[in-house]
Amino acid sequence: MNCLFTKSIIRRLTSPSVSSNIDSSKELCRLLPPYLYNHASVYELERENIFSKNWIYVGRLDRLQNLDGYLSITVAGYPIFIYGSPLTNELIAFHNKKKCLNFKKIHVEIFTEQFIFINLINTNEKLFMNIILKDLLNDMMSFSLNQYHHFQSQYHLINCNCKTYVENYQEGYHIPSVHSTLNKSV
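First residue of the sequence shown? That's 3 in my numbering, and the numbers climb one at a time after it.
None of these hints come from the bench; they were simulated from the model. Bear in mind the structure is a predicted one, so any value in this text is a computation, not a measurement. One or more hints might be untrue.
Listed next, the in silico DSS-like pairs over lysine-lysine satisfying Cα-Cα at most 27 Å (straight line) [to be verified]:
(1) 186 to 136
(2) 136 to 107
(3) 186 to 165
(4) 55 to 107
(5) 55 to 186
(6) 55 to 165
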């Protein structure tokens, strides 16, 4: 069933528009179909193909020091445990994909000596954050990052799909359908 659903998603997302005369700027403003926000199979595909295969920011190194040397978080439903090894003086990260205690070591990188990233993919090739985020690194090095320290954290548990949060917090994709009056003035 997952395979059929996957094919259905690909077909819907890549199908040609109803009319070839549609203005391209309007075509870019269309909303995602509702099932992409709330179907369990879509979430599982995102976990496996987005969150598991990309570098995810999980915190700052100085925050780890404030928490007695370890950090326990959840990323897309994956429990993650990160600690600083006193023997090797390096960070070690594990995740537990299944409900049993089968911890698997995962990749962890420190970017610009402060920012901790993890990657859940199963590969022998080590991906370096300094190469992947080269452009960002150049911009960030103009700041003395070691002079900045973690001061306070705020956590907000929002019961929504991550796409809903991103679209409403960072993007205006919802404006045409939800705020029609505002959309007319924009």
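Under the constraints set out in the numbered hints, which ones does this structure not fulfil?
Of the numbered hints, 1 and 5 do not hold.
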